[in-house]
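Q: Spelled out, the chains give:
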Amino acid sequence: MIQVHGLAKTYRNTSVPAVDGVSFTVPQGGFYTLLGPSGCGKTTTLRCIAGLERPDAGTIQLGKTVVVSDRIFIPTQKRDIGMVFQSYAVWPHMTVFENVAFPLRVGNRKVKGADVEERVMTALTLVGLAGFEKRMATQLSGGQQQRLSVARALVREPDVLLLDEPLSNLDAKLRERMRSELLLIQRRVGITTLFVTHDQVEALSMSDQIAVMNGGRIVQEGAPRDIYHAPVSEFVAGFIGSTNLLQGRVTAIDATGGLATVETPVGELRAPVTGVAVGNEVNIAVRPEDVVLHRTDRHGAEGPAVANLLDGTIEIGLFIGVSVDYHVRIDGQVIQARVGSRMKLEPGDHVRVELPADAIHVFQLRGAEGPLA
Amino acid sequence: MTAEAPAATRSTGKIARRSPITGRTIATVAIVAVLLYLVIGPLLMLVFSTFRQTHGVLPFSPNATWTLDNYAEVFLRPSTWRLLGTTLVFSLGALGMSFTLSVLLAFLTERTNLPFRNVLFVLIVASIGIPNVVLGIAWELVLNPVNGLVNLFLREVLDLTGRGPINLFTLPGMIFVQGISLVPITYLLVSAAFRAIDISMEDAAYASGAGFRTVMRRVTLPLLTPALLSAFVYQFVSVVESFDIPLIIGLRGGIPVLSTQIYISAKPPGGLPDYGLASTYSLLLLAVAIGPLLFYNRIIGRSERYATIAGRGYQPRRIRLGRWKIPALIFGIAFVTLSFGVPALTLIWASIQPFYSIPSPEAFARITFKAYGELVANKTFRDAVVNTIILGLSVGAMTLVLGSLVSWILVRTRSRLRIALDVLSFLPHAMPGVIIGLSILLIYLFVPIPIYATLWIIVVAMSTQYISLSTRLMTAGIAQVRVELEEAAETSGASWLATIQRVVLPLVRPAFINGFLLVFLQAIKNLTLALILISPGGVVLSTLVYQFWDKANTAATGAVGVVVLSITVILSILLRRANTRGEAVVS
Chain S
1 MIQVHGLAKT
11 YRNTSVPAVD
21 GVSFTVPQGG
31 FYTLLGPSGC
41 GKTTTLRCIA
51 GLERPDAGTI
61 QLGKTVVVSD
71 RIFIPTQKRD
81 IGMVFQSYAV
91 WPHMTVFENV
101 AFPLRVGNRK
111 VKGADVEERV
121 MTALTLVGLA
131 GFEKRMATQL
141 SGGQQQRLSV
151 ARALVREPDV
161 LLLDEPLSNL
171 DAKLRERMRS
181 ELLLIQRRVG
191 ITTLFVTHDQ
201 VEALSMSDQI
211 AVMNGGRIVQ
221 EGAPRDIYHA
231 PVSEFVAGFI
241 GSTNLLQGRV
251 TAIDATGGLA
261 TVETPVGELR
271 APVTGVAVGN
281 EVNIAVRPED
291 VVLHRTDRHG
301 AEGPAVANLL
311 DGTIEIGLFI
321 GVSVDYHVRI
331 DGQVIQARVG
341 SRMKLEPGDH
351 VRVELPADAI
361 HVFQLRGAEG
371 PLA
Chain U
1 MTAEAPAATR
11 STGKIARRSP
21 ITGRTIATVA
31 IVAVLLYLVI
41 GPLLMLVFST
51 FRQTHGVLPF
61 SPNATWTLDN
71 YAEVFLRPST
81 WRLLGTTLVF
91 SLGALGMSFT
101 LSVLLAFLTE
111 RTNLPFRNVL
121 FVLIVASIGI
131 PNVVLGIAWE
141 LVLNPVNGLV
151 NLFLREVLDL
161 TGRGPINLFT
171 LPGMIFVQGI
181 SLVPITYLLV
191 SAAFRAIDIS
201 MEDAAYASGA
211 GFRTVMRRVT
221 LPLLTPALLS
231 AFVYQFVSVV
241 ESFDIPLIIG
251 LRGGIPVLST
261 QIYISAKPPG
271 GLPDYGLAST
281 YSLLLLAVAI
291 GPLLFYNRII
301 GRSERYATIA
311 GRGYQPRRIR
321 LGRWKIPALI
331 FGIAFVTLSF
341 GVPALTLIWA
351 SIQPFYSIPS
361 PEAFARITFK
371 AYGELVANKT
381 FRDAVVNTII
391 LGLSVGAMTL
401 VLGSLVSWIL
411 VRTRSRLRIA
421 LDVLSFLPHA
431 MPGVIIGLSI
441 LLIYLFVPIP
451 IYATLWIIVV
461 AMSTQYISLS
471 TRLMTAGIAQ
481 VRVELEEAAE
491 TSGASWLATI
501 QRVVLPLVRP
511 AFINGFLLVF
521 LQAIKNLTLA
531 LILISPGGVV
541 LSTLVYQFWD
551 KANTAATGAV
561 GVVVLSITVI
571 LSILLRRANT
581 RGEAVVS
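Quick mapping for you: the protein sequence lines, in order, are chains S and U.
So in the numbering used here the end of the first sequence lands on 373, straight run, no missing numbers.
So in the numbering used here the end of the second sequence lands on 587, straight run, no missing numbers.
In isolation and in its complexed conformation, chain U is listed as follows (with noise of 0.2 angstroms):
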């Protein structure tokens, strides 16, 4: 305010506040209250239905009675620590494996002069593509000790009879292919956070006379802990609501982990669901997946502490390999092949056989196309196909437009209301998938909104699951767009809606057309949700896929799993063309 002031201001000497109810206001209050509705909604019934008896009953039917049951079923059986017990060994094995080969990997294409890097990068990043229900059953294909190839090629090359001598269905096997699946974003993590190191640093302990291995230990290391840490925490959720894999190769092993116990106890194979069970078995498994996030904000509070004055950008000096660069790269085709070409030559083998066999002559001689044909020709594929088109973009622009809107809030207004936001789009990233599966079921066998048994419910689901990832992405993205350039819309006349319209989504499409894609390719990798809110005539892709399989028609499950490979592999490379090298796509 200048000294000169009109006069009319300074007689009255307040300012007249701006209208209390605006647009902005009714859209945030109808933006929280949808996030409630999605969020909230389900957890509440989740936490109803452990107080109910519902053996053959649902937890809201009248003759649902409340009780105590369920959690002395959870928590008094020695049991659920043994199941407990398993879930930990599974999850940080499948950590520990994915975390040491990324370590690994990412030091080699990062920081050496290891040949083909750039093509080495790519091809870890693009499995990011393959569903985990179909990377667990091509290695069922592989290595199950009936007939996985590779146990079929020992005992003709050990002159071996029976089963084995490989069998999969064990914990180490799970362990093996969860680990598996776990490091492209691992690896991506660990890459930036590589690439985050100021090089100067190393560079100092160089010119302190400390070698190679001193520099690693003392200063390399100790400066990536608390970006490992923080992977660690994040990937620890993943592993801990991980649905396929245990499902595909645990559960066949009679090795039940927290998330396929939930989906036995809503979904049992023979017998009635007993819904409060299962919700109980999900408390303890939210505690779990909670617990470490806990020490997230502590762990980040840490790594801000390491921020310092940033140097130039050099780009860093290559170590120079020499007598390694041979292993090296070996190590480096071994890693690519297990990850992508077993898994990807394996369904395709599978899809062009008559029947499932080791490669011979005479395998050869039997290739045929059949599988495919008889998929074009079979009205269930095309439903799931179509089916999975609708869920995707459903999908895709329910959570993206929220996400979106929210972001705004978040970063550009100061609303009371921010919090609350901020919370509740973050909470679903912590809530397994078979949790927010079961809780939808709950609430539409309630709620009198046509949608159960419907591909709507499904879409509900994912909206819930993904609205964390993107209000993620989408807060990055808004951040980006200076809020001037806003502010020069406004006094350009320009009403609330006026701007968003022809000045902000203008500038975030980029950020929202990569969120889309990613959350596209999410929807079609999702088995969990599928799985458990499908009903019996409907199907997408990931179900079909798993329905053959469990069926053990081997062709069929090959021809589907060549399909949805293809699809997701190359959205995940379109993905990785809108994207700076690799930044955005970590979900």
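Next comes chain S alone, as it looks inside the complex (with noise of 0.2 angstroms):
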């Protein structure tokens, strides 16, 4: 379990804090990612719970020992964690097993012998890198200083793994590979772990939690789908993903008060509300995946009986294999739709974008990169 409270840390010689008041928890075995971009503060928390960095304010608890608080401040080598590093540092003048084998020779809990061989080949052969062991490290590839930097992090068995953008120096295709291998090694190890990241695909599809951060605070914490889906501010919304914003003005709820009617610059648009009253200026999010595209001569003019039914024009069609993105103008504004790539549209064509009640997100104003409340 990792609890963090209240985090602030500020670098000599800037003004404006690195890490702004930061608080969560990763539950026991958890997977919590810390996703933003860079200079969000989310490396500068990561480097507090490791203890690289000491941090001005606050506590961290690492299990049941606490090791940053007003009066504590315990060192990086006596805390009980693993961790993997965005440059690997993988040792170059030590083989394979010497920097496995480091974390067990060195420090106030060392291994006997014997011992430290059957757990490095354990954790050797746990990321898949047995029969590697005499080569010097600096002869594996990209990949393999990876999971040798895995390896490493885990053979201590620490209470918690400690991971700093892990993936970023792979080449796309490797990266996908070891997104699904780092989340089984970390399952079959049941380790509770914090991910660094600021690539949102990573986040949405290795985390059990997502904390969205922005200029040194959380923005938005939560399941990956609800960020997703319910992103809290425009900032989340457009950093995870790309969507479709527009603003808006709430101009009635119906009286169940569940379904509100919207005046946006594409027309009027119904959409479920939740604590919104009648006047409010809000935003409006739809991820371009939940637009629908209607051919205009299929359904005549009546069109399908559905809500939110807007008429639009094809501008361009970006074909990307498994999808085509075509980007619609509706009134003046531009609307990103993601279908099927066996629909085959043509600049200048007419259609009806239909923008599905249930797909609409909408969120009141809250500034660019205003923090949670």
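Calculated directly from the structure, the hints in this document are not laboratory data.
Think of the CB as a built atom: it goes at the ideal place given N, C-alpha and C, for glycine as much as any other residue.
A few of these clues could be false.
[Stated by the list, open to error] Okay, the calculated bits of chain S under chain U, using three or more residues with CB under 8 angstroms as the criterion:
#1 47–58
#2 82–90
#3 100–108
[Stated by the list, open to error] Distance windows between CB atoms, simulated:
#4 S:Lys64 <-> U:Val119: 44 to 50 angstroms
#5 S:Asp199 <-> U:Arg323: 42 to 48 angstroms
#6 S:Glu289 <-> U:Ala488: 43 to 49 angstroms
#7 U:Ala334 <-> S:Ile74: 31 to 37 angstroms
#8 S:Asp199 <-> U:Thr100: 42 to 48 angstroms
#9 U:Leu44 <-> S:Leu174: 55 to 61 angstroms
#10 U:Gly493 <-> S:Pro37: 41 to 47 angstroms
#11 U:Arg195 <-> S:Pro37: 38 to 44 angstroms
#12 S:Gly63 <-> U:Val89: 28 to 34 angstroms
#13 S:Arg225 <-> U:Glu487: 50 to 56 angstroms
[What the hints assert, rightly or not] Partial selection, computed: residues in chain U whose CB lies under 8 angstroms from chain S:
#14 Asp198
#15 Ala207
#16 Thr214
Relying on the hints, combine the two individually framed chains into one complex.
A: Encoded structure:
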């Protein structure tokens, strides 16, 4: 378990805090991700937890041990952690075996001779590097060095595993494979894991919980699906994949209070809402893959019997294999729609654009990068 | 080539070759010829002389005969092996001292929260500007057994009589001063090595549970080792060929090393020079200097094996010194005092005293600036200043122009002469100054070009010596100019010369100016070549300070020393400002 409370850190020679009151809890065995653009404070948070930076304020608890508080600062080497670095940081002057054995041979919980070998081999087998132990670390490929660094982090069987953008130096194909491999290893070992990344696909595909960070604060915390479908701010909506954002004003709310009518530049839209009142300025987000396109000729003038149906013109289509991204112009606005590649439309074609009510996410304006209340 | 190639090309089946003789080719051949003349000429003359009987005659005189006596005299005498032993003890001792100090200082300024570390960095590096001849003389004024300030003081305090108690004119004395003189450059090399370590390598070790000592011993030091070894090899050449301190301190104590032995044979205090013998000693010195260089490539190869994926450039966390803060600061201040404060203050003190004595109320009452007044009135001094400036400018211009051309050919062309240029421009780095001086001397005793005993023979010799430095600097500078920029000029219709003039030169100007200043500085500091090649009438600042010191004119020595020191230290600070933190200052 990792518990962080009120963490703050400002680097010397800067006035803007790198981390500004961050609190979160990673449950035992959980896979928790700090996601955000570079400079958002995610790496600083991780390094504070590792003890590689000294926070200005806040408490950090790893398992049952408080490692940072007002009076306590336990140095890195005394914390029960395993860490994987972006650069892998495998030691070039050691063999693969020596790299993994290092954590067992140093510090205050040294392991005896024969046990070292057994545990190193277990760790190497876990990451699929058995048989490589006699090689020099730098003779491994990038992906293998990455696995080596995971084995080294796990060999001590620490309380928590800290991953600092471990996949960002791999090429695209390998990165995709390592995502599932890393997750499988984490599940098998059941280790509490904190993962730092700027890649929303990594975050969404691997995490139990995600904290989206911006400007040194957590702006939204939640399960991947919630973050993706119900972003609380323009920043989160924009950062987690591409999205259509519209501004509007609530003009009516139906009797049950669940469905509102919102006036937008593309026309009136019906959408489920909570906690808004008539007259509120709101933002509307629709994921491109939720947008449905209808050919006008097929449905004729009357169209399908659904709400939120808008007339538009195809501007351009970008064929990306599994799907096509169409840019549709509606009353001066451009809406992105991602549809199956079997639907073939040409620039200039007239279409009806359906924004299904249950796919529309309405949230109140909170400024571009406003924090969670 | 596309499928729609012009019909004419297709029908002949071949593409017209570029005209075989271009401006580029002519320039390349000319440059190779110049380098051959500057570098190989002296070496050939040296080898030739070793086989000539030269007691009282010049090697190419008709009276000289072919002989192997020189080899017998050098290699069959036990004294040679003693000489070799002294040279090695001296070199390794000075290197050991400078590396120990440099690693400690670099660790403190690069990795800890030592207060004033940036000031310390500047002060350590600023002593690059202190010429060894000046440093040697200053320490002689401090520690000589007769009237060295520290000795006078100790005798008074301890109530001793006679000489000493400390005698600088010993092997440890030489090692001490040489060791201090090697620190600035060693320190730059070592601190660059510290900066090159990917800090996450250390972080990973801490995260594995290792404490500070374990991390240093098992991770940091092994990672530093290749860079330390290559710095060691590099500095080994510098110390083996060093001449000023062995001359000023060693010879006073009757302790010759190879470099000073060559000088004695070529310019004996009494009697006639024996160039054959001097040349043979030179070959021995060359072998000693080149030996470790042969391992150099292997070490460099090993350090490349250490190349890993670089992480983000974190500012390394600084280690909190805690209760070691004050002792560490005292160590830093003590070193800077020794390397810079003591020599500078001693020279100033010597220059403002009518006769040399310990600082005391009476001595302070005697302070006078007469020595400076006499200097300004002295025509020799004025000549020396003018000559030194001419020398620095000429050597700087000549080596930098030549070095730029060589570098451009090395970096940008696929000329078959590249390998020759590469070797020729590197060789002088391994050639000790005394050897260059001696062989250039021999050449112009023989070749009917009337520059013997003029300033220009020194210019030629220094150009030979610094061609490797200027080529190295300019290669780095030119490699930074992307080749597309030149190609864009060529596709715009610019000729080779126009491309160089209008595109390459403006872009490499910073590197050029930086290199020029560095060579200028080295030329002013260089006593070796000036002393070997200068005629009795001619004089530059480095030989002038040596002459005054040799005649025991302490006040004048101090005054010239202060003048030289001011010029060179200001130059080295200018250099530092032209540079990013230290990288290219390394010579």
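Q: Determine for every hint whether it applies to the structure shown.
A: Each hint tested on the structure:
Interface restraint, the region 47–58 of chain S with chain U: holds (4 residues with C-beta to C-beta distance below 8 angstroms; minimum three). Against chain U, the region 82–90 of chain S contributes 8 residues with a C-beta closer than 8 angstroms to a partner C-beta. That satisfies the three-residue criterion, and the hint holds. Only when three residues or more bring their CB closer than 8 angstroms to a CB of chain U does the claim for the region 100–108 of chain S stand; here the count is 5, and the claim holds. Restraint check, lysine 64 (chain S) to valine 119 (chain U): a C-beta distance of roughly 46 angstroms satisfies the suggested window 44 to 50 angstroms.
Range check, aspartate 199 (chain S) to arginine 323 (chain U): about 45 angstroms between beta-carbon atoms, so the 42 to 48 angstroms window is met. At about 45 angstroms, the CB distance of glutamate 289 (chain S) to alanine 488 (chain U) agrees with the hint of 43 to 49 angstroms. Checked against the given bound of 31 to 37 angstroms, the beta carbons of alanine 334 (chain U) and isoleucine 74 (chain S), roughly 35 angstroms apart, stay inside it. Against the hinted window of 42 to 48 angstroms, the Cβ-Cβ separation of aspartate 199 (chain S) and threonine 100 (chain U) comes to about 47 angstroms, which satisfies the hint.
A hinted range of 55 to 61 angstroms for the beta carbons of leucine 44 (chain U) and leucine 174 (chain S) is consistent with their spacing of about 58 angstroms. Remark: the range hint 41 to 47 angstroms for glycine 493 (chain U) to proline 37 (chain S) is upheld by a beta-carbon distance near 45 angstroms. Between arginine 195 (chain U) and proline 37 (chain S), the C-beta spacing of about 28 angstroms breaks the proposed range 38 to 44 angstroms. A hinted range of 28 to 34 angstroms is violated for the C-beta pair glycine 63 (chain S) and valine 89 (chain U), which are about 58 angstroms apart.
In this structure the hint that arginine 225 (chain S) and glutamate 487 (chain U) lie 50 to 56 angstroms apart at CB holds, the actual value being about 53 angstroms. Given hint, aspartate 198 (chain U) at the interface with chain S, holds; its Cβ is 6 angstroms from that chain's nearest Cβ, closer than 8 angstroms. Interface hint status for alanine 207 (chain U): upheld, as the beta-carbon distance to the closest one in chain S is roughly 4 angstroms, under 8 angstroms. About 5 angstroms separates the beta-carbon of threonine 214 (chain U) from the nearest beta-carbon of chain S, less than 8 angstroms, and the hint is met.
The earlier numbered hints that this structure contradicts are 11 and 12.
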